[in-house]
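Working from the sequences, and respecting the hints, build out all of it.
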Amino acid sequence: MSENAPKPLSRRQMAWRAAQDIPEGAYVNLGIGLPTLCGDYIPKDREIVFHSENGILGMGPAPAKGQEDPDLINAGKQLVTLLPGGSYFHHNDAFLMIRGGHIDLALMGALEVAANGDLANWITNDPHAPPGVGGAMDLAAGAKEVRILLEHTTKDGAPRIKQTCSYPLTAKECVKRIYTNLALIDVTRDGLVVREMVEGLDLAGLQEVTEPKLTLADDWKKLTAPTV
Amino acid sequence: MSENAPKPLSRRQMAWRAAQDIPEGAYVNLGIGLPTLCGDYIPKDREIVFHSENGILGMGPAPAKGQEDPDLINAGKQLVTLLPGGSYFHHNDAFLMIRGGHIDLALMGALEVAANGDLANWITNDPHAPPGVGGAMDLAAGAKEVRILLEHTTKDGAPRIKQTCSYPLTAKECVKRIYTNLALIDVTRDGLVVREMVEGLDLAGLQEVTEPKLTLADDWKKLTAPTV
Amino acid sequence: MIDKRVRDLAAAVAGIKDGATVLCGGFGAVGEPIALTEALLPLGVKNLVIVANNAGTGEIGIARLIKEGRVRKVICSYPRTTDPREFEAAYKAGKIELELVPQGTLSERLRAAGAGIGGFYTPTGAGTNLAEGKETREFDGKPYVLEKPIRGDVALIRALKADRWGNLVYRKSARNFNPVMAMAAALTVVEVSEIVELGALDPEAIVTPGIFVDRVVVVR
Amino acid sequence: MIDKRVRDLAAAVAGIKDGATVLCGGFGAVGEPIALTEALLPLGVKNLVIVANNAGTGEIGIARLIKEGRVRKVICSYPRTTDPREFEAAYKAGKIELELVPQGTLSERLRAAGAGIGGFYTPTGAGTNLAEGKETREFDGKPYVLEKPIRGDVALIRALKADRWGNLVYRKSARNFNPVMAMAAALTVVEVSEIVELGALDPEAIVTPGIFVDRVVVVR
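Residue numbers (our numbering), protein chains in the order written: chain V, 1 to 228; chain U, 1 to 228; chain P, 1 to 220; chain R, 1 to 220.
Derived by calculation from the structure, the hints in this document are not laboratory data. Bear in mind that the values here come from a model prediction, so they are computed numbers and not experimental data. The C-beta atom is built at its ideal place from N, Cα and C for all residues, glycine as well. Heads up, some of the hints might be wrong.
Unchecked claim - Rough simulated footprint, nothing fancy, chain R against chain P, three-plus residues with beta-carbon under 8 angstroms: (1) 142-148; (2) 189-201.
As the list claims (entries may be wrong) - Using C-beta positions, here's what the derived DEER-type ranges look like: (3) V/K213 x P/M1: 35 to 45 angstroms; (4) U/R195 x R/G69: 44 to 54 angstroms; (5) V/Q67 x P/E68: 50 to 60 angstroms; (6) P/D8 x V/K144: 25 to 35 angstroms; (7) V/Q67 x R/G69: 37 to 47 angstroms; (8) R/G69 x V/A129: 14 to 24 angstroms; (9) R/G199 x V/E47: 51 to 61 angstroms; (10) R/D18 x P/G19: 52 to 62 angstroms; (11) U/P63 x R/E59: 52 to 62 angstroms; (12) R/G94 x P/K73: 35 to 45 angstroms; (13) P/D8 x R/K142: 31 to 41 angstroms.
Claimed, not checked - A few chain R residues facing chain U, derived, Cβ under 7 angstroms: (14) M1; (15) G116; (16) P209.
Listed below in structure tokens is the structure:
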């Protein structure tokens, strides 16, 4: 890292940054956890249709107090609402939408992403817990575009963006963009291209905590987010 | 044929006879033409659910005059009605029901049936007309049970129940029962078993107009039908 | 604001190109998007591949496209048309290709395209002429035929009502092939009797969610 | 008269046998047929194979069957349960088998059983651990995994309303796996909040037509 200590984004700031890139009219699936927070930061003038793999399109925010409906939950099993224009359908149609390439954008969390866009986000190598995959593989293989939100490093400071994933894969070569607490990185045919970095960080500093070789885009910008 | 000239059933009597065998509560698809007439002769105390491959369950009879709805047709493109309890669905679900074995009984017409239950009912060898298959192959391959209504012979007196079909097949080994104007014949592992014959016909007479070897059931009956 | 409504038929079919694979809803004339289909004529496109259950009825819709020589090939289950037999005439004259597909297989191949399925094994057609040249394979001792997706460049759909998000409901047996075709094309265009306010369609009863729909035009 | 209504839970689950493959609807506890699932306990069946999205929630439904040692194997997409972790405990003790299936593949394998499809090629899971031992094949240069149907001996379903023909409607996201499981079993048993008169359900809005349903019981 550079001398002038960089200021990483908070988790909510990462979600804010990813939300700004969701285009008007997109059909979007938000993964459980951090990606779900993106829903809170959509610019007010944009109409986005959120999809939930348990059979909802047009999902709205959490219900107001007293308006909770136990039969209306998202994939993370949190209570949600339905917007006007929303619809319900069964699980098979929900995954037809995913697998058939009808979801414009899946925002997902990850354990690791590799230089070629390989994604590992469903299982650690912990032998003590039973494995669970949910809809992760369907989303990673099926969405038109997959973007990842992840902390740039592990708690121990080890890179999560790797030459090759060390954890079992969710899908091969599916990730197109990575939002971290330090940078916004695109996965391209020419490798990883840094589009944005936080204040106080230079490419060398970012490279130190990233396994594969990074290239800096000519028009790179500062990665900023308001206090959210 | 025997000396005492047999009296073949009319087409409507054939439909009547086949209709008597449709069990209470069955989900039934009636083929275009002769099989469609079976719907007119269901015993009054039986509730049967008719399926149409264009997306209807619980199809009722033709509409009363003035009640016709151009958006409510059967697979033969005749105007029909919907009974209470009926439902509409799309073509894909209609054929899911067929292919998935949810239709208890398909009653179909035929050009020929073979000794092993092979069915030919979709195309003659006429090079002048474009071929058309419709839902015939799906029904023949998918219904839980396929029963056929056909005139016992061609207009020239040639057998339609053959050792091997001369026309291209609709499906292999799918027919379980054959209703003709002369007899009711089951396709069994031991070959064709005659369950019923019209008055004035004996096995030798029936065999004369049937290619494969016939066996007479010990408990065979006269094939009769009221004037309909 | 998401708004899939377009002003007129010309806007509805804009951009469809020569040689396009066009999925046309309907079963016979019921649920057939006749106005959209005929809107392809002034657009001037030709060498079309039409995917539909039938090959046109009477002189309208697909039959008219065939009569005008715009159709290179038809993929359907039942091309016998009522008089005047436009398809039959073109077929006998060797002016049009036919790919005959069993009705349930046609529907399932369209769904496979919509559902991202690379291929599927169906019992329909096994051991028949229509399985010739296709892989056949046994599962649990029963023969199945490998069938591939049919993807449209465009789907022309008829529905009863839509909203500005493109949510659709149909009417009685006019639903037929329309919902599965709506899922199976790169561009899905719908003609409807009526457009209603967003939120006016019951979310429990929407048959085609707007995710499958790109353009909606009112045809009264 | 067709009448799929049964008097009580015992009648609803009558005849289900040891070793049965049981499809259980629901996503977490939403839309889970808890009363029907727990009705398997007094029936005394064991060595069950449970097919569900999750492996039980809390101490009810599937979790209770696991706790009571009635389940030999679970086929699901996400077996991590909330406390008390009945599945995890049984799994760590080596007392239960797990077949982990991606959620969309689970749903599609169930549909394949219901739709008479012998197998299908899905892109999901290609190149991952979950495709190990399965045929992988390229279509148009993209890898797909061959997946087989999952058929139930019985499906336990939860819906909102039914009529005596077994037509069903659901409520909001409680629909989830229920309709596809209803199609995929030899015997489909449904618990509902309410049974209505035949003809009271809108034929345009019936989600599961009665053809897929064998028994209906009211559980309030």
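Verification of the supplied hints:
Taking a C-beta to C-beta cut-off of 8 angstroms, the segment 142-148 of chain P contributes 3 residues in contact with chain R, enough for the three needed, and the coverage statement holds. Counting residues of the segment 189-201 of chain P whose CB lies closer than 8 angstroms to any CB of chain R gives 0, which falls below the minimum of 3, so the coverage claim is violated. Judged by the Cβ atoms, the range 35 to 45 angstroms given for V/K213 and P/M1 holds: they are separated by roughly 43 angstroms. One distance hint, 44 to 54 angstroms for the beta-carbon pair U/R195 and R/G69, holds here, with the actual separation near 51 angstroms.
A hinted range of 50 to 60 angstroms holds for the C-beta pair V/Q67 and P/E68, which are about 57 angstroms apart. Checked against the given bound of 25 to 35 angstroms, the beta carbons of P/D8 and V/K144, roughly 29 angstroms apart, stay inside it. Roughly 41 angstroms separates the CB atoms of V/Q67 and R/G69, a value that falls within the hinted 37 to 47 angstroms. Range check, R/G69 to V/A129: Cβ separation about 21 angstroms, and the 14 to 24 angstroms hint holds.
Checking the proposed 51 to 61 angstroms range against R/G199 and V/E47 shows it is violated: the Cβ atoms sit about 39 angstroms from each other. Checked against the hint of 52 to 62 angstroms, the C-beta distance between R/D18 and P/G19 comes to roughly 60 angstroms, which is consistent with it. The hinted range of 52 to 62 angstroms is satisfied by U/P63 and R/E59, whose Cβ atoms lie roughly 55 angstroms apart. With their beta carbons about 59 angstroms apart, R/G94 and P/K73 fall outside the hinted range of 35 to 45 angstroms.
Against the hinted window of 31 to 41 angstroms, the Cβ-Cβ separation of P/D8 and R/K142 comes to about 38 angstroms, which satisfies the hint. For R/M1, the shortest C-beta to C-beta distance to chain U is roughly 5 angstroms, which falls under 7 angstroms, so the interface hint holds. For R/G116, the suggested interface contact is upheld, since its CB lies about 4 angstroms from the closest CB of chain U, less than 7 angstroms. Taken as an interface hint, R/P209 checks out: its beta carbon lies about 5 angstroms from the nearest beta carbon of chain U, inside 7 angstroms.
Checked against the numbered hints given earlier, this structure breaks hints 2, 9, 12; the rest are met.
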